[in-house]
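Participant: Sequence:
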Amino acid sequence: MGEMGSASKLPEHTMLSASERLELPKSVKEMWNCPYSKDFFAKFAEDFDNEDSSPTISLLSEAASCHGITIIGGSLPEWSNGRLYNTSCVFGPDGKLSAKHRKIHLFDVDIPGDITFKESDIFTGGDKPTIVDTDAGCVGVGICHDIRFPELAMLYAAKGAHIICYPGAFNISTGELLWELMQRSRAADNQLFVATCSPSRDSCGGYAIWGHSTLVGPSGEIIATTGHEENVIVAEIDYSKIKLQRKSIPLDKQKRGDIYQFVDECEEEKHQNSE
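Residue numbering for the sequence shown is -2 to 272, as defined by our numbering.
To be clear, the hints were calculated from the coordinates, so they are not data collected in a lab. Do not rely on the hints blindly, as some may be mistaken.
List time: in silico DSS-like cross-link candidates among lysine-lysine, alpha-carbon distance up to 27 Å [what the hints assert, rightly or not]:
no., residue 1, residue 2
1, Lys125, Lys244
2, Lys252, Lys156
3, Lys240, Lys250
4, Lys115, Lys156
5, Lys40, Lys93
6, Lys125, Lys252
7, Lys93, Lys240
8, Lys156, Lys267
9, Lys115, Lys240
10, Lys240, Lys252
11, Lys156, Lys40
12, Lys125, Lys115
13, Lys115, Lys238
14, Lys238, Lys252
15, Lys40, Lys125
16, Lys35, Lys156
Pairwise CB distance ranges (calculated) [as the list claims (entries may be wrong)]:
no., residue 1, residue 2, range
17, Asp124, Pro147, 34 to 44 Å
18, Ala39, Arg253, 20 to 30 Å
19, Ser170, Asn228, 15 to 25 Å
20, Tyr257, Asn47, 27 to 37 Å
21, Val231, Glu173, 34 to 44 Å
22, Ala39, Asp124, 19 to 29 Å
23, Asp36, Ser271, 26 to 36 Å
24, Ser50, Asp118, 38 to 48 Å
25, Ile219, Ile119, 32 to 42 Å
26, Gly79, Asp36, 42 to 52 Å
27, Lys125, Glu173, 23 to 33 Å
The structure displayed is predicted, hence computed values, not measured ones. We treat Cβ as the ideally placed atom computed from N, Cα and C, and that holds for glycine.
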């Protein structure tokens, strides 16, 4: 649902060649390589393990390697073992796929008079958090509706993430109410950076997108943002602000473990298996 990348803008001919290879229809792209519609998911889904059937993966890998950057690209419809996933991929400066995040929380919504959609009828939910060390720091990855769940962000913070990246396409109703709120909440609660990337709005499309790609700092401050038009955000991230914020307001030390406790089930399972 959108695309995250480095601050460097890829050459236009590179992007056009991807569209040509994928034969994109002339309609809004709400996932990175296709419209967000059940009529297109299977058609544009790619098997990431098969290079010949993964032109988008090849493009992102090429771009990362060519420019020597880390790219968080997506999300994309992924076919794997007969199942369809909503997936975002992380490529290192060497062009290799270093991690992929399958959207964990599927967007099932029924707002009378506004929007009805059940993502779980189409996609299989991911079952693992995704955190990866990159040349740009330790990055946690979520997709769209994943941002609504503070537990995932807490887990990433506990595992040392400097920044959480959420490509997403909130609609106008939920976007106006929650898009900025969720980003600032996840950043302020965990005292880290949050970066989001949304598709621009297409008034002719069937799904009206809020837009407003944003970068938020560890105190919940907005560092950079845009409107709903197509645009590029370039901003610097100073990770020393994380340490400063946590020193100034030591939330981790102020937590009351005697009253409530956060449990990392993945670590618990590893511990049990090692015994």
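Participant: Against this structure, judge whether each hint is valid.
Facilitator: Hint check results:
A hinted pair counts as satisfied when its Cα atoms are at most 27 Å apart, and Lys125 with Lys244 does not qualify at roughly 31 Å. Among the hinted pairs, Lys252 with Lys156 is consistent with the structure: their alpha-carbon atoms are about 17 Å apart, no more than 27 Å. Distance restraint check for Lys240 and Lys250: the Cα-Cα separation of roughly 14 Å lies within the 27 Å cut-off, and the hinted pair is therefore satisfied. Pair hint Lys115 plus Lys156 does not hold up; C-alpha atoms about 31 Å apart against a cutoff of 27 Å.
Restraint check for Lys40 and Lys93: satisfied, since their Cα atoms lie roughly 25 Å apart, inside the 27 Å limit. In summary, the hint linking Lys125 to Lys252 is supported, as the alpha carbons are separated by about 26 Å, within the 27 Å threshold. In summary, the hint linking Lys93 to Lys240 is not supported, as the alpha carbons are separated by about 31 Å, beyond the 27 Å threshold. Distance restraint check for Lys156 and Lys267: the Cα-Cα separation of roughly 14 Å lies within the 27 Å cut-off, and the hinted pair is therefore satisfied.
For the hint linking Lys115 to Lys240, the alpha-carbon distance of about 40 Å lies beyond 27 Å, and the restraint is violated. Restraint check for Lys240 and Lys252: the C-alpha separation of about 17 Å stays at or below 27 Å, so the hint holds. For a cut-off of 27 Å, the pair hint linking Lys156 to Lys40 is broken: about 36 Å separates their Cα positions. Proposed proximity of Lys125 and Lys115 is supported: the alpha carbons are some 21 Å apart, at most 27 Å.
For a cut-off of 27 Å, the pair hint linking Lys115 to Lys238 is broken: about 39 Å separates their Cα positions. With a CA separation close to 21 Å, the supplied pair Lys238 and Lys252 stays within the 27 Å bound. Our distance criterion of 27 Å between C-alpha atoms is met by Lys40 and Lys125, whose separation comes to about 26 Å. With a C-alpha separation of about 35 Å, the suggested pair Lys35 and Lys156 falls outside the 27 Å cut-off, and the hint is violated.
For the pair Asp124 and Pro147, the supplied restraint of 34 to 44 Å is violated, since their beta-carbon distance comes to about 19 Å. In this structure the supplied range 20 to 30 Å is violated for Ala39 paired with Arg253, their Cβ-Cβ distance being about 48 Å. Checked against the hint of 15 to 25 Å, the pair Ser170 and Asn228 passes, with Cβ atoms roughly 22 Å apart. For the hinted restraint 27 to 37 Å between Tyr257 and Asn47, the CB-CB distance of approximately 46 Å leaves it violated.
Between Val231 and Glu173 the beta carbons are some 25 Å apart, a value that contradicts the proposed interval 34 to 44 Å. For Ala39 paired with Asp124, a C-beta distance near 21 Å keeps the hint of 19 to 29 Å intact. Take Asp36 and Ser271: their Cβ atoms lie about 47 Å apart, and the range 26 to 36 Å is violated. Range check, Ser50 to Asp118: Cβ separation about 24 Å, and the 38 to 48 Å hint is violated.
A hinted range of 32 to 42 Å holds for the C-beta pair Ile219 and Ile119, which are about 33 Å apart. Between Gly79 and Asp36 the CB atoms are about 19 Å apart, so this pair departs from the stated range of 42 to 52 Å. Between Lys125 and Glu173 the CB atoms are about 32 Å apart, so this pair conforms to the stated range of 23 to 33 Å.
Comparing the model with each numbered hint stated earlier shows that hints 1, 4, 7, 9, 11, 13, 16, 17, 18, 20, 21, 23, 24, 26 do not hold.
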